Each structure stands twice: as C-alpha cells, then as structure tokens.
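Chain residues, written in single-letter form:
There are 6 protein chains.
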Amino acid sequence: MTQKTMLVISAHSADFVWRAGGAIALYAQRGWNVHVLCLSFGERGESAKMWRQPGMTLEQVKQGRREEAERAAEILGASVSFMDCGDYPLRVDDAALFRIVEVYRTLRPEFVLTHSLKDPYNFDHPLATHLAMEARIIAQAHGHCPEQEVIGAPPVYLFEPHQPEQCEWKPEFFLDISPVWERKRAAFEVMAAQEHLWEYYTRVALQRGVQGVRNSGRKMQYAEAYQCVYPRVSDAF
Amino acid sequence: MTQKTMLVISAHSADFVWRAGGAIALYAQRGWNVHVLCLSFGERGESAKMWRQPGMTLEQVKQGRREEAERAAEILGASVSFMDCGDYPLRVDDAALFRIVEVYRTLRPEFVLTHSLKDPYNFDHPLATHLAMEARIIAQAHGHCPEQEVIGAPPVYLFEPHQPEQCEWKPEFFLDISPVWERKRAAFEVMAAQEHLWEYYTRVALQRGVQGVRNSGRKMQYAEAYQCVYPRVSDAF
Amino acid sequence: MTQKTMLVISAHSADFVWRAGGAIALYAQRGWNVHVLCLSFGERGESAKMWRQPGMTLEQVKQGRREEAERAAEILGASVSFMDCGDYPLRVDDAALFRIVEVYRTLRPEFVLTHSLKDPYNFDHPLATHLAMEARIIAQAHGHCPEQEVIGAPPVYLFEPHQPEQCEWKPEFFLDISPVWERKRAAFEVMAAQEHLWEYYTRVALQRGVQGVRNSGRKMQYAEAYQCVYPRVSDAF
Amino acid sequence: MTQKTMLVISAHSADFVWRAGGAIALYAQRGWNVHVLCLSFGERGESAKMWRQPGMTLEQVKQGRREEAERAAEILGASVSFMDCGDYPLRVDDAALFRIVEVYRTLRPEFVLTHSLKDPYNFDHPLATHLAMEARIIAQAHGHCPEQEVIGAPPVYLFEPHQPEQCEWKPEFFLDISPVWERKRAAFEVMAAQEHLWEYYTRVALQRGVQGVRNSGRKMQYAEAYQCVYPRVSDAF
Amino acid sequence: MTQKTMLVISAHSADFVWRAGGAIALYAQRGWNVHVLCLSFGERGESAKMWRQPGMTLEQVKQGRREEAERAAEILGASVSFMDCGDYPLRVDDAALFRIVEVYRTLRPEFVLTHSLKDPYNFDHPLATHLAMEARIIAQAHGHCPEQEVIGAPPVYLFEPHQPEQCEWKPEFFLDISPVWERKRAAFEVMAAQEHLWEYYTRVALQRGVQGVRNSGRKMQYAEAYQCVYPRVSDAF
Amino acid sequence: MTQKTMLVISAHSADFVWRAGGAIALYAQRGWNVHVLCLSFGERGESAKMWRQPGMTLEQVKQGRREEAERAAEILGASVSFMDCGDYPLRVDDAALFRIVEVYRTLRPEFVLTHSLKDPYNFDHPLATHLAMEARIIAQAHGHCPEQEVIGAPPVYLFEPHQPEQCEWKPEFFLDISPVWERKRAAFEVMAAQEHLWEYYTRVALQRGVQGVRNSGRKMQYAEAYQCVYPRVSDAF
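Protein chains in written order, with the working numbering: chain X, 130 to 366; chain G, 130 to 366; chain U, 130 to 366; chain V, 130 to 366; chain H, 130 to 366; chain D, 130 to 366.
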C-alpha cells in the first residue's frame, strides 16, 4: 500500500513547530510521509536573539534557523525543505509559486496545513496561505505542465495564529494531540531563540484540549485547533 | 450493542423531508434509531393547497399534514412525533421547551439536525433552531431534573434553507446521499400539497452532489449540505 | 386604475419623519396612498422636553406626540395610525402582531419601509423591524385567517438609523428626495420637542445627496438611504 | 469627592470571578464602589458538584452558590446582590428588567461590564448582556419613572466568554491586572465546585498578558480582555 | 439616439456564457451594444478535455477556446475581445490594466458585469473583479490620459460563481432571463469541452427562477442572480 | 523631555486634511511633532480642476498639489514629506516600502493614522493602509537593518473614508476636535481644487460631534472618528 502524505506550508522555519507540531507528530507516528515546506527561514522577523549577538550575519542566522528547523522536524518525524524566499517581507514570484505547485504534484498530499487567512501582526503568514491555496489550484489545472498528472482536491486546514481573534481565525476542528504531546514539547525546546513561546504554546495546547473535551465529551488533554477552508465531504457526519 | 440515535428537530411537518431526508434514510438504513420531532404541523404557512379546498378546518389540515409526515417518515425509516405548537407563528413556552429537553435526555442522540440560524422568509425556522440548541444546553445541566442523567455534547448540524445565501447559511459538510436517493425522492412524493418543491429539491441534491465531488474527488451524484454549529473534535483530520 | 399603497412601520411616532419623510412625500405627491403605522407614541424615550414640564402626565405626552405625528403626516401627505404598544420598552404580543398582519392584508402595500435590523442604542427599533417582517410573513400564509386573501412579497426597505455604522446598517439604495425636500423639512419643524434633530437630519440628507451623485452621476441635492432586506427582481438592471 | 461606581452584570453567581475578577479588584483597590448584580445563582447549570451530593435541594444549591459568590466578592472588594431569576434557562420579565433599570439609576455607574453578545454554549449569557443593555437604555429615558434623574451614557464592556472564537467575541481592550492577580486567584479558590476552572482561567490571564505586551510594549504579566459595545470618546487617542 | 453599451469582464473565455449569458442575450435583443472582454482564454485551467488529446499545444488550446467563445458570443448577440493575459495564474501588469481603462473610456458602458469578490477555488476570478473595478476607477480620473473624457459611475454587478456560498457571494438582484433562455442554452452547447456544466447551469437558472418568483411574485422561469458592488440610486424604489 | 511624534500616512496629498486635520492640529497644539507622509500627490485622481486648465502638465499638477499640501500642513502645525509614488494607480515597490520603514525607525511615532482597510471607490487608500501596516511590522523586525533599533508597537488608527459604510469602516473612537476646528476649517480652504469638499467634511465633523456627545455625554461640537486596528492596552477602562 502506498504511503500517504501530509503537507505543511510554513511561512517561517519555526511556525510549523508551534502551530502544527502535534498534527505532524501524530501522522508521522501513524506511518505517513509528513513534509514541511518553509518559504523562508524567518531570518529577519523571528530571530531577535541571534541578531543581538555581535557580528551576526544574515547567512549565519539563516543557517541557525535551518538547523533548528531540521532538528525540530526530525523530532516530530517529518522531512523539511526550505525555499529561502526572504521574510519581513516574504516575497514569492511566479517561479517560486510554480516550485510549490511542483511540490503538490510530486507529493500528492491527502491534506495540507498552512496559516490563517489574515494576520495584522504578520503579513508573511496570510501570504503563505495565499500561495499554498494558489499553488494547489494551479496543480489542479490540466494545462499547467500538461505532461504531469493533476492533483485532486486535498483539504486545506489553517493552524492557529498567535492572536487568533485579531486574525478572524476560528477553530472549526480540534485535533487530539495528547498521545504525541511530549514529542511536540520536545520540538519546542529546540527553538532556543524563542524560549518565551514554549510556555505560551503549551498553554494554547491545554486550553484547546479543555475546549475539545467540552465540544465532544472525548477524553483528551492537549489539542491543536484548525480552521477549515473547504467543506468536508463524507458519507457520515 | 446499543442502537445509536439521530434526532431531527423540524419546525414544520414537511421540513425534514426536503432538507434532511437523505441523512435520515442513510442512518436508518445503517440501523440507527432516527427520530423526527416536528414542532408544528405547518398547518397555516405551508398548506396552501389544502386551504383552497372549501370547508377546510384547522383540524383537518393538521390531520392531513400529520398523515403525510408519518408516511414520509415511514418511507425514510424514521419515527416521528409532533408537538403541535402552532405555526406562522410558531410559539413555544418553557413547558414545551422542557418537553424537548426530555426528548434529548430520553433519546440521547449522537447528533442533531435542525434549521438555519437565520431565515428572513420564515421566522419559525430560526426559532426551531434556537429551541433545539437551548433544549440541548438545558439537557446538559445537572440541576435540571437532577434525578435524570445529563447528556454529553452531541454535535448540531443545520440543514439547507430554501434560499441559502439570504439566510447567511454556508455549507460546511456535504453528506453523500446517493445510495438512498430513491428513498428520499419517494418521500418527496408523499408531499402532495407541495408538488412544486419536488423538482426544486431534486435539483438542490444534484447541485450539492456536483459540489461534493468538486470538494473531494469522491464519486457521488446526490448530496445534502449542512452547516456546523460546533467545532468537530477527533484524532484525525 | 387602483391607487397603489406604501406602508411605513415606525417604532415611535416621530421616526418616520426623520428617516422616511422624503420617501413619503415623494410617493404621496405621485398619488399613492401612503400609510404610517406607529407602534408607540415614543412617550417615554423620545419626549424629554415634554417630561421636563411640571405636572406632565403620560396621557398628555401621548396626546402631544400623537398630534405632532398627525400634523407631520399631513404635511407629508400620509395617513397615520397608532398602536399604543408602549415604548422603552416597546412590547408587542401576538394580538398586536395579528393587527399588523391585518394592516398588510387590508392595505396590500407595494413595499414597506421600517427600521434597521440592529440598534445598540434603541431596542425598540429592531423589534419594530422584526414585527414588520414577521407580520409580512404571516400575511403570506394561507392558513392565517383563511377567508382573507394572502399578500404577495412586497419588498422591505430599512431606513437610516441615527448612528448607521453602529447598527451594522449599510446604504444599498439612495432615493433622490430633492423635489420634496422642502416638505420634509417642513415636517421636521413640527417636531418641536426634538429641535436638535432638525439640523442633524438636514445634514444627513445633504451627505446622502452627495453620495447619491457620486454613485450615479445623477444630479440631485438631497437623498434618503435605505438598506434592502430581500433581493430585487426585475427584467432590467 | 463622590466615590465612583463600576457595575458588573453577571448571569450566574460565579461568572464575575473568572471573567472580571481582575477589573473588580483593581477598581476596588482604587477606592471605587464596585457592585456585582447576579441575575441567577447558577443553581442548575453550573453546580454539577453540589447536585452530585445525595439529598441536595434547589434551595441548598442556591444558598451554597450565594455564599461562595459573597465570599469571592468580598475578597475582590465588591458588594454583590442577587435577583434569583432562575438559570438554564434564565428568564427575566419586565418587572425584573425595571429592577435592573433601578440599579442603574441608583448606582449611576461610570461603566458596566457584562457578557458577550453571543454564546452557543450558554444562552443565559447573551440574555444577560441584552438585559444589561436594554436596562441601560431605559434608564436613559426621561419618561421612565420621570420623577427620577436619567443616567448618561456609561460605556459597556463585554468580558471574555469560555470559548471566545465560538462566541464571535473579539478582544478590543486589554486591562493589565498584574497588580491584583493574587487577589483574583484567591477569589477563584472560593469556587470549590468549579476547581477545573482555576487553571483554565489562570492560563487565560497569562495568554492575555502576553498579548497585552505584544500590542503595547507595556510590561505586564496578567490581563483581562474586553470587547467594546460603544465607541470610545475622548480628547486623546 | 446613441446605442447604449453593456460591458462584461470575464476572466476566462467561457465564464461569460455560464454566468451572464442571459443578461447578454437580453440586452443584445434590446438593441444594446454588448461587449465581452476576456482576460484569458482559460487555456490552462478550464480546458481539460482538449489537453487530453495527444500532441495538443498551448496555441491550439487558445485557438480552440477563442473560437468557442466567439461562437457563443455570436449566438448571444455580443462582440468579444481577448487580452491573452494567461490563466492559472492570470497575471495582469499595469500596461494591461491601462488597456482595460481604455476599453471603459471607449465603450462608456451603462453598467459592467464581472466575477465575485472572493473565490477560494479560482484566484483568477477575484483578480478579474479587482481589475474591472480598478480600471473603472482609473477611467474616472481626470489626470489619466487627460486628453480623453473621463467616465461617470457605471454600476458593477457580480455574476454567480460556481459555489456561491464558499465565495461569500450573495444574490441581491435576480434578472428574469426567461425570454432569452433558449439562446443562453444554445450558447452552452458550443462549450463542447465543458459538457458537464450544461446541466449544472441549467439547474442554476431554474433555481434562481424559482427564487425570483418567491421574492417578487413576478411570473418567470429562468433567472440569473447578481451581487451589487455599489448602491443603487434612483427616484423610485 | 523628548518630544513625542504622531505619524500620518496619507495616500494622496490632500487626504490628511479632510480626514485627520483635527487630530493633527490638536497634537501639534500640544507640542507634538506631527509628520505627514504623502505617498503620492494625487496628481491624477484628485486634481480635476487643475487638469481642466489648458496646457496643464503632470509636473505642474504635482507642484500645485505639493504647495497646497505644504500650506495646509503649515496651518495645522505639521511637517509633510512626499514619496511621489504615482496615483490612480498608486504603486509602491519594496524600495519605497523600506523608505517608509525608515520613517518609522527615525520618527518612532507613538501612534499612526492612515486610511481604511477597504474602499471600493479608491484602491490607493487601502493600499496605503496596507503599506503603513506592513512597514510598521518590518520596522519591528530585528533582522531588518539590524544595526538600527527596532520600534515598539505603535497603535494604528484608521481615519474616515468618504463613504464609510461602503468601506466596511466603523467608528470605534471619536476624537473631540472642537478646540482646533477653526484651524482644520482654515486648512480646508487651502484646497482650492476641491471646494465641493469643504462643506461635506464640515458636516462630517458636525455629525461625528453629535454622535460623540451621544456616546459619552461629553460636551463637544466637532469630532473626527477613527477605527482601531489593534486592541487598546491600559490599566484603566
């Protein structure tokens, strides 16, 4: 049987850890191929600690962020690749967009995780979402690289932004990540430059866990919440 | 193993046929106990044809609508009960509300189907939704009839109103009803007083079927669409 | 040829002047039967000036407001009736609701003007809108007083509240009231108790006039703006 | 100098502790008169632990909840009163509404705190908000008990519901409650029947604290978030 | 008397047929000049059938789509022009934008039809809408090609997307297209590559027809629905 | 003590006068450094009167608009600078964006005023808002020009567009500008090319003044209204 694939499209190299680390660990544990595509290293906007070191260069920051992301991905059980498109601001031209299309066509993911549709604190995040959606649409087009096979309609789920209400993001699905929580927390700890976020996102997981129980009666302690872009289709509620 | 239950709360006696007949037939076929609770017979607002007959009385209209609903429910495989709360306007006092609470506590449904949150063409529909949600909340309260066992948190799904966009209703879940379509269509035909709706809701099912395919790649021909009130909780997307 | 009718449902006895006086005067001038139904006299919430007079009684305030409204309606060319349902808070039971239904069935209006859907400064206004819409729906039901003829589907337009953005009200239609502006202004001046509103609503009419020009190129100086509840249907844009 | 007053309108007897305990303690500490008006004791919906005790009666539960609320209010520095309107469902008739109006007219608060505008998990909460707003409007009307002095326009702030995004509630104001955090936490611990909420609302305060820093640069650890019903008016941003 | 003009701005070469074919045929029949501007041929995203033919080239697909569009436009009574801006993704630079401005200034349309403001299934559609609106604004600017005459404020109507609720598109106007339905259907049949859409859009027209009746009482069988970008301005409701 | 700074980012050279002239004059009067950054001169879209003069050139229009803006700024007490990015359409590349970032880093404003988030009549306005927000975010990034000091989190307020409801703009803050009204009005009169706007924006100020009173009881005659992008953070309501 073919191994199934889950694709995570992350604006910066650490986003996938805080926001989707549980989903990644859960599906990796189930034997899926989980791939994380980082559009940038987050080398300008989310590396304050490194930039405070004297003599720091852009290449050193990128390298540092890359290594962290690779270690975190390894802990979670995912592979990771980087597009180095810059951040603050992230800028993606059509050539880069078509490389994302190629990722869709090559990996043929069952579903895709990415950022929120809006974020007034971070314009790279909604841009990443836009690209993830636009590349998915192009990958469905028979006339784009017509020699390749088009993809179907993988669902797109939006992980939780830092300040959810300000981003008009609404949790529509709670994923129980209790079985892999320790792994997600271990991945947090790789992110030495963002230690202030460890406790923040541990609390997010606990709050979403309580809410998950409240919405279902299911026993669970830690959860990740997602918004859904497209309607679900099934033969059962 | 205990038989599972699905509850449909319908403002008028025919709503459940057009809007949730496929879900009812599908779950009945799977051996579930499906119960339809009609808050009114629709004796004033949705019985134009009967009222055009000379000498028609309110009781005759109610009786006619009751019989139709019973026959339709039988075709779909559901039981049906009626609260006779009046329609145009539907009016439900707390005593009636507590009877709905009792239905929740007795049937202990896995999930509930009801109307949309708004409907500028029909104020009975959103009132039914409000009551379905309020009764569910009260049924969760330990202090309401404390000698009874409280219920958990059954999801609530909102079926499609007649003019979806005007009701600010959005399809978030498509249920493939292709296997039971003939049964739903047969139930339509019981509704002799509303023949003009047979083709309308056949087309709705076909359109939602096409959209279901478009959102999933799943092969299907007929669908019912639902909006979700509460977030879904699961260990898988 | 039958005279056409326009119906205005106003929560308090002065609302119709500020908010729909131009529409009333325009259609009256065109020979329509224009009727204003005031649910209350506004005797508690909008009669500050009268209440400051020593020895004032509720009946005197009501009588004063009634006389003002009658004089204003006369200037505008409309008839007016009063339901005396109380205000601050307005409270309407089903018996009163059915009297509004009867107004619909008797007058058979081409269209209806009423308040906004929300108003955080005045809860009587959205209640009036709710009643205007609910009565319209019941008047369409064959089973309500089945011996009477049902009505069709008269459009409902919502006139401008005092603080439009706070009421989530949006202008979707601008009515050029320039030809009858003097008449509307004359009706303002009857409202001696609310002199502070004369200039306010003159400025509203001027601003909407400028916006009307901007959205159409039509030459006009004064306008009233309306939100539309139901979609327009026509054979031309 | 006159002591200023802050009014909290709470659906159930514990809501004010979790949701506004910081604001209460802060203003009490500043010498304000802080009054909490509880519409019900939460005797049915939020007293699961008490109901599990054999032989428990409704009066005992009410008494227990009243005592807890009084102790919590005392810790926070507020006075508290109870209207005993029932819960699950809360039901408030016009006589009770007018008692709330009287509270406004007597206390003449500078501002008011209450629940969110929507809550699909708890219909008592938005009803409390509606009443708080409706009573405020009636208290502004010259014709309601015309012998009393009307109130001005006290701002209304909506405290955080249990599942903010599901309630369409958005934080628009963060109040730094760090100086009184220990007091808020102490009040939590009075609520023995709802121990599971202690940690939940401690985490809420920490998350809002981090977000408060992020939106201002202000040094702070704990915050409460509020939505604003009416626009702010001032001579400075 | 000068012939009036209606302008349709269509992202891909077939969109105008499914979405606005009725409006086009109706106004053409009335003697208007109807012009369709296709930003792309839809050669990549909406030409699956052609691409399945062996040896197919991009130029052949474009030529095929052009011919189909020309035939469909002829049946409907419109002229059509093509900008060949590419699709999946459509990309329009300022030079192309200014060519659209020129179309506005040359044709001076009474009103404009284009796509929805959002579409999560197709990013070319909202881009076309954005361009149609931006070009209209620039065409109003005295300083753009100051030697030309500026245009007025032609209304912009948005035709129905494939999955209306997902696009946050709401029908605000129903156009009765019954008199020209056969012509619209004939134009469908030119689109041999998209046969699966013939029945889909026939059902759309029938559903909108039923809804048109429901909202007006007007006798009609087929309709097209439109959302309105700008408020309507008139001297009559 | 350091002088505090307020920054206004204006799409065209006159916007700041109509929309924020009161705030500018008020803070200038209080001794703040107020700087206005005009992204364009408004030389194409908002200079109709100049373009009607025979032989007018683009440079003359720009020069005329620049002089007007400088005179208006002087009256209001602000400095002004121009980026000359073009208008109708405004186009800003990353080099220009980084110049705005530099303005943030150099001026280190306490807060920022700019346009609305949407405007279907003017696409330059929301683009200016986007740039103001994006530049602010980049100015917060340690990795952007790491040798410079990052900025904090200055609040962003959105001034009133020409047709507020159509722009989905909502007043959340009313600034009392009564003490500086004469100065704002004097600045209007510099804008000789847009005389039709003098009365329009005088009426806007009066309407907002009345609403300011209504929302607070504060005595005031003229106001400017603003929407808030980020939540307010404080130790007092």
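Derived by calculation from the structure, the hints in this document are not laboratory data. Note that the coordinates shown come from a computational prediction; the quantities given were computed from them, not determined experimentally. Treat each hint with caution, since some may be false.
Which copy? The list can't say, so a pair holds if one copy fits it or any two copies do.
Claimed, not checked - Calculated lysine to aspartate or glutamate pairs in the DMTMM-like style (CA-CA distance at most 25 Å, straight line):
| hint | residue 1 | residue 2 |
| --- | --- | --- |
| 1 | Lys299 | Glu203 |
| 2 | Lys247 | Glu301 |
| 3 | Lys247 | Asp223 |
| 4 | Lys178 | Glu278 |
| 5 | Lys348 | Glu203 |
| 6 | Lys247 | Glu263 |
| 7 | Lys178 | Glu231 |
| 8 | Lys178 | Glu328 |
Find the hints from earlier in the document that the structure breaks and name them by number, from lowest to highest. 1, 5
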